[in-house]
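*Asks:* Okay, here's what each chain looks like letter by letter:
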Amino acid sequence: MNFEFSADQIQLKDIARKFLEKEDSVKRARAVLEGKDSYDEELWKLIGEMGFTATSIPEEYDGLGLGYLELCVIAEELGRSLAPTPFSSSVYLATEFLLKLGSNEVKQNYLPKLASGSSIGTFAHTEKNTAPTELNIICEVKDGSISGTKIAVPDGDIADFAVVSAKEGSVVGLFLVDLNSDGVERVNQPTLDPSRSHASLTFNNATAITLGSAKEGWENLQYILDRAAVLFSFEQLGGAEASMNMAKEYAMGRFAFGRSIASFQAIKHKLADMYIAVELARSNCYYGAWALSTDAPELATAAATSRVSASQAFNECSKENIQTHGGMGFTWEFDCHLYYRRCRQLAANIGSQSIWKDKLISSLERANQL
Amino acid sequence: MDFNDTSEEAKFRKEAYEWLKANASLKKGPKDGWRAASEEEGLEQVKIWQNKLYESGWACMHWPKEYGGRESTPIERVIWGQEISKFKVPGGFLEIGQGMAGPVMMMYATDDQKARHLPPMAKGEEIWCQLFSEPGAGSDLAGLKTKSVLEGDTWTINGQKIWTSGAHFSDWGILVTRSDPTAHKHKGLTYFFLDMKSPGVEVRPIKQISGGANFNEVYFTDVKIPDSQRLGAVGDGWKVSLTTLMNERLAVGDASGPDFEEAFNLARGQDLNGSLAIENGAVREKLADWYCQKSGLKFAKYRNLSALSRGETPGPQSSITKIVSGNKLQEIANFGMDLMDSAGILRMDEAEADQSMYQYGFYGAAGIRIAGGTDEILKNIISEQVLGMPQDMRADKGIPFNEIPSGNK
Numbered sequence: 408m409n410f411e412f413s414a415d416q417i418q419l420k421d422i423a424r425k426f427l428e429k430e431d432s433v434k435r436a437r438a439v440l441e442g443k444d445s446y447d448e449e450l451w452k453l454i455g456e457m458g459f460t461a462t463s464i465p466e467e468y469d470g471l472g473l474g475y476l477e478l479c480v481i482a483e484e485l486g487r488s489l490a491p492t493p494f495s496s497s498v499y500l501a502t503e504f505l506l507k508l509g510s511n512e513v514k515q516n517y518l519p520k521l522a523s524g525s526s527i528g529t530f531a532h533t534e535k536n537t538a539p540t541e542l543n544i545i546c547e548v549k550d551g552s553i554s555g556t557k558i559a560v561p562d563g564d565i566a567d568f569a570v571v572s573a574k575e576g577s578v579v580g581l582f583l584v585d586l587n588s589d590g591v592e593r594v595n596q597p598t599l600d601p602s603r604s605h606a607s608l609t610f611n612n613a614t615a616i617t618l619g620s621a622k623e624g625w626e627n628l629q630y631i632l633d634r635a636a637v638l639f640s641f642e643q644l645g646g647a648e649a650s651m652n653m654a655k656e657y658a659m660g661r662f663a664f665g666r667s668i669a670s671f672q673a674i675k676h677k678l679a680d681m682y683i684a685v686e687l688a689r690s691n692c693y694y695g696a697w698a699l700s701t702d703a704p705e706l707a708t709a710a711a712t713s714r715v716s717a718s719q720a721f722n723e724c725s726k727e728n729i730q731t732h733g734g735m736g737f738t739w740e741f742d743c744h745l746y747y748r749r750c751r752q753l754a755a756n757i758g759s760q761s762i763w764k765d766k767l768i769s770s771l772e773r774a775n776q777l
Numbered sequence: 010m011d012f013n014d015t016s017e018e019a020k021f022r023k024e025a026y027e028w029l030k031a032n033a034s035l036k037k038g039p040k041d042g043w044r045a046a047s048e049e050e051g052l053e054q055v056k057i058w059q060n061k062l063y064e065s066g067w068a069c070m071h072w073p074k075e076y077g078g079r080e081s082t083p084i085e086r087v088i089w090g091q092e093i094s095k096f097k098v099p100g101g102f103l104e105i106g107q108g109m110a111g112p113v114m115m116m117y118a119t120d121d122q123k124a125r126h127l128p129p130m131a132k133g134e135e136i137w138c139q140l141f142s143e144p145g146a147g148s149d150l151a152g153l154k155t156k157s158v159l160e161g162d163t164w165t166i167n168g169q170k171i172w173t174s175g176a177h178f179s180d181w182g183i184l185v186t187r188s189d190p191t192a193h194k195h196k197g198l199t200y201f202f203l204d205m206k207s208p209g210v211e212v213r214p215i216k217q218i219s220g221g222a223n224f225n226e227v228y229f230t231d232v233k234i235p236d237s238q239r240l241g242a243v244g245d246g247w248k249v250s251l252t253t254l255m256n257e258r259l260a261v262g263d264a265s266g267p268d269f270e271e272a273f274n275l276a277r278g279q280d281l282n283g284s285l286a287i288e289n290g291a292v293r294e295k296l297a298d299w300y301c302q303k304s305g306l307k308f309a310k311y312r313n314l315s316a317l318s319r320g321e322t323p324g325p326q327s328s329i330t331k332i333v334s335g336n337k338l339q340e341i342a343n344f345g346m347d348l349m350d351s352a353g354i355l356r357m358d359e360a361e362a363d364q365s366m367y368q369y370g371f372y373g374a375a376g377i378r379i380a381g382g383t384d385e386i387l388k389n390i391i392s393e394q395v396l397g398m399p400q401d402m403r404a405d406k407g408i409p410f411n412e413i414p415s416g417n418k
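Here the protein sequences line up with chains A and B, keeping their order. In this text, residue positions in the first sequence follow the numbering used here: the first is 408, and each later residue adds one. In this text, residue positions in the second sequence follow the numbering used here: the first is 10, and each later residue adds one.
If we strip away everything but chain A, and leave its shape as in the complex, we get (with noise of 0.2 Å):
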């Protein structure tokens, strides 16, 4: 049995948390929160120079080829940072777009941009205030040309280009769009987490690039989206693990009547239900992430498992933070809002905990019928 990230991937990580705190990580994310950037560029920058975007883009595109096992403890470690910066957006998304369905031509055109994160890329893929399926999408791509409008893009007014979702006829395909071409207006949207920008985007018959064959648009979509929700989930899983020692450091050093806060039982019970979840999703999203290393049958399954576990310790985590800290949980002087903040936008990054529970149970209806 060998459940485990190897001593290299062990050391990678260690490497990844210590140069996000040498780089004051979460002080950039506040400084972002609070300022008028969309996100911090020089992060982004050292961040690429670290060749962490390049993680799992193979060498004949620039890349560093290594596997999905040293991109997820990356992820962990910018979750737990809260890295203001595009890169599940870039990395987990467009890059892995790119890499599965793109023709030779984006590959070599795109990838080695990605890999040094010279070039930003997204997914656009909502609508309206309901998760986007095969019927309600409006976004339609005729004769190579898009038009509709997306909202609710991450990093939507800073990306290059955009992976967009749209109807070709009868089917949902998938579009690559530069973001930067005639026929594309981009409108900023504020949101509860400023850390992280996001941007409406209106297409006026913009030039669109096929991604794939259009009538396994949507099968490619969910595949797609199974591989980032691993990745998803171990910057949730850092986000929850960091939120739960922050409720930790501040317990052990608060006093009331008399002692430390941390010594009272109903102080204790939380922090070992903080616990509890953290260590369910780590070990669901380790499963994860062997099936997203090994493009396991199991991958829906376990994509599924590792993002509601993930989405599930975060919200514990980042809520009982808050409230372990008492009133000043609440001010906008100390992190806890940060982390709340960051695990609601990466809870409703790629659909909600209720269309995540479905497909996991769909998928082991699909197994079972196997």
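The reader is advised that the hints may include incorrect statements.
One-sided and incomplete, this derived list gives chain A residues near chain B with beta-carbon spacing under 10 Å [unchecked claim]:
1) Tyr693
2) Tyr694
3) Thr712
Result set (DSBU-like, lysine-lysine): computed pairs, CA atoms no more than 35 Å apart in a straight line [said to hold, decoys possible]:
4) Lys196/B <-> Lys535/A
5) Lys123/B <-> Lys40/B
6) Lys303/B <-> Lys420/A
7) Lys420/A <-> Lys307/B
8) Lys40/B <-> Lys56/B
9) Lys20/B <-> Lys132/B
10) Lys726/A <-> Lys310/B
11) Lys310/B <-> Lys425/A
12) Lys307/B <-> Lys248/B
13) Lys56/B <-> Lys216/B
14) Lys97/B <-> Lys123/B
15) Lys622/A <-> Lys295/B
16) Lys520/A <-> Lys452/A
17) Lys420/A <-> Lys20/B
18) Lys154/B <-> Lys95/B
19) Lys507/A <-> Lys295/B
20) Lys303/B <-> Lys425/A
21) Lys507/A <-> Lys56/B
22) Lys233/B <-> Lys216/B
23) Lys30/B <-> Lys206/B
24) Lys61/B <-> Lys23/B
25) Lys310/B <-> Lys507/A
26) Lys420/A <-> Lys310/B
27) Lys97/B <-> Lys295/B
28) Lys95/B <-> Lys507/A
29) Lys56/B <-> Lys74/B
30) Lys310/B <-> Lys95/B
31) Lys520/A <-> Lys535/A
32) Lys154/B <-> Lys123/B
33) Lys574/A <-> Lys248/B
34) Lys425/A <-> Lys307/B
35) Lys206/B <-> Lys97/B
36) Lys20/B <-> Lys303/B
37) Lys507/A <-> Lys420/A
38) Lys95/B <-> Lys74/B
39) Lys726/A <-> Lys132/B
40) Lys726/A <-> Lys307/B
Hint data in this document are derived by calculation from the structure and do not stem from the laboratory. Quick reminder that beta carbons are idealized off the backbone N, C-alpha and C, glycines included.
Starting from the known structure of chain A, arrange chain B on it as the hints suggest.
*Replies:* Frame of chain A; chain B shown alone:
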């Protein structure tokens, strides 16, 4: 990252499987477990099977060879457990002896006592029980009151123990008593082993909420124990108990009863308001939660095994198992009965296993959340021993035991 054995592990697994295949029959399915018609018959079959294990060198995997063990590594012990679970073999009765009494005897008994008691324990010839909890001392075990008084070289024991599994068929017991009520709580305890047939020992079964009786109360009236059967120094009983309890914590595992698969299959066949229950959104959400919990525990176990496989000490992940599985069982039990709507209140017997297991789970979960450390005590352990948070303030610290308030429950 993979789920594969190392070559030594694979070799050991093969050896274990082949021996089992030659000596026992494979289960035909997950529900095809060993079951005896009565307790007496079960005990007899366990003794025969254990003797076979002993003769072939498969008894007490973790024990030293000189007492009849195999001196296996922790990972080998786990592999043996995985392989034996594929076979229909007798089980139970021996865990307290081999898992708790044995290790304590090895540490504190004389050489003669070890030679006399450990091999019969390993062979399954003698059954042991643990006499720790009392009506007034459960989670706060060190608050126990059973009195021990020394005269010459004989101790006289008076008091009552409770929750003693198997006391009625045990040959020997391990016992913690209070030898000095004027000392501080943890200082005045003394630990013994005794013959359960000693005059003055009376065993009475406890009727549980399920109607069954798996445990006993044990009354001591002027029971005599020679001082030579004391384990550890007079007043050191707490320290000796901790050795036993550490071994207990390793032994407590998953709650048994309906789990995700059963609930999933039930929902796929059961009508709910005109369509299949599985099509109901609320049902799907609950099932997803249970699947995530079950999967989380499974892979936490795999992480532990990986640490063992690397020769490392496993992390504290396993401390969450009983809390999560006990509560999950209670929820699934209620879910299963709820799906039968109003008829879920009607008691079903064992023959209707697909339905009655939820009703047994309804009772069983209430017990598993208490046995071997309540949810609350386990959360204290997690927060103190894993997260490093301070102990709660104690009202009984530094006070002689006989001056500590003891309430009326």
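*Asks:* With reference to the structure, classify each hint as holding or not holding.
*Replies:* Tested hints:
1. Tyr693: holds (6 Å)
2. Tyr694: Holds. Min distance 5 Å.
3. Thr712: Thr712/A check passes; min Cβ-Cβ to chain B is 5 Å, inside 10 Å.
4. Lys196/B <-> Lys535/A: violated (68 Å)
5. Lys123/B <-> Lys40/B: Violated, because 39 Å separates the two Cα atoms, which is more than 35 Å.
6. Lys303/B <-> Lys420/A: Holds, because 27 Å separates the two Cα atoms, which is no more than 35 Å.
7. Lys420/A <-> Lys307/B: holds (24 Å)
8. Lys40/B <-> Lys56/B: Since the Cα atoms of Lys40/B and Lys56/B sit roughly 23 Å apart, the hinted pair holds (cutoff 35 Å).
9. Lys20/B <-> Lys132/B: Roughly 26 Å separates the two Cα atoms, so the pair holds.
10. Lys726/A <-> Lys310/B: holds (28 Å)
11. Lys310/B <-> Lys425/A: Holds: Lys310/B and Lys425/A sit about 29 Å apart, inside 35 Å.
12. Lys307/B <-> Lys248/B: holds (33 Å)
13. Lys56/B <-> Lys216/B: Roughly 27 Å separates the two Cα atoms, so the pair holds.
14. Lys97/B <-> Lys123/B: Given pair Lys97/B, Lys123/B holds - Cα atoms ~32 Å apart, limit 35 Å.
15. Lys622/A <-> Lys295/B: holds (34 Å)
16. Lys520/A <-> Lys452/A: The given pair, whose Cα atoms are some 12 Å apart, holds under the 35 Å limit.
17. Lys420/A <-> Lys20/B: holds (34 Å)
18. Lys154/B <-> Lys95/B: Violated - the C-alpha atoms of Lys95/B and Lys154/B are around 44 Å apart, more than 35 Å.
19. Lys507/A <-> Lys295/B: Holds: Lys507/A and Lys295/B sit about 34 Å apart, inside 35 Å.
20. Lys303/B <-> Lys425/A: The hint holds at about 34 Å.
21. Lys507/A <-> Lys56/B: This hinted pair is violated, its Cα atoms lying about 60 Å apart.
22. Lys233/B <-> Lys216/B: This hinted pair holds, its Cα atoms lying about 29 Å apart.
23. Lys30/B <-> Lys206/B: Not satisfied, since the Cα-Cα distance of roughly 39 Å exceeds 35 Å.
24. Lys61/B <-> Lys23/B: Holds: Lys61/B and Lys23/B sit about 19 Å apart, inside 35 Å.
25. Lys310/B <-> Lys507/A: With a Cα-Cα distance of about 33 Å, the restraint between Lys310/B and Lys507/A holds, given a limit of 35 Å.
26. Lys420/A <-> Lys310/B: holds (22 Å)
27. Lys97/B <-> Lys295/B: holds (33 Å)
28. Lys95/B <-> Lys507/A: Answer violated: Lys95/B to Lys507/A is near 41 Å, above 35 Å.
29. Lys56/B <-> Lys74/B: With Cα atoms ~20 Å apart, Lys56/B and Lys74/B stay inside 35 Å; holds.
30. Lys310/B <-> Lys95/B: Holds, at about 18 Å.
31. Lys520/A <-> Lys535/A: Judged against 35 Å, a Cα distance of about 31 Å means the pair holds.
32. Lys154/B <-> Lys123/B: This hinted pair holds, its Cα atoms lying about 28 Å apart.
33. Lys574/A <-> Lys248/B: Violated, at roughly 72 Å.
34. Lys425/A <-> Lys307/B: Holds, because 31 Å separates the two Cα atoms, which is no more than 35 Å.
35. Lys206/B <-> Lys97/B: Status holds; Cα separation ~33 Å.
36. Lys20/B <-> Lys303/B: holds (29 Å)
37. Lys507/A <-> Lys420/A: Answer holds: Lys507/A to Lys420/A is near 26 Å, not above 35 Å.
38. Lys95/B <-> Lys74/B: With a Cα-Cα distance of about 26 Å, the restraint between Lys95/B and Lys74/B holds, given a limit of 35 Å.
39. Lys726/A <-> Lys132/B: Violated, at roughly 54 Å.
40. Lys726/A <-> Lys307/B: holds (27 Å)
Checked against the numbered hints above, the structure breaks hints 4, 5, 18, 21, 23, 28, 33 and 39 and satisfies the rest.
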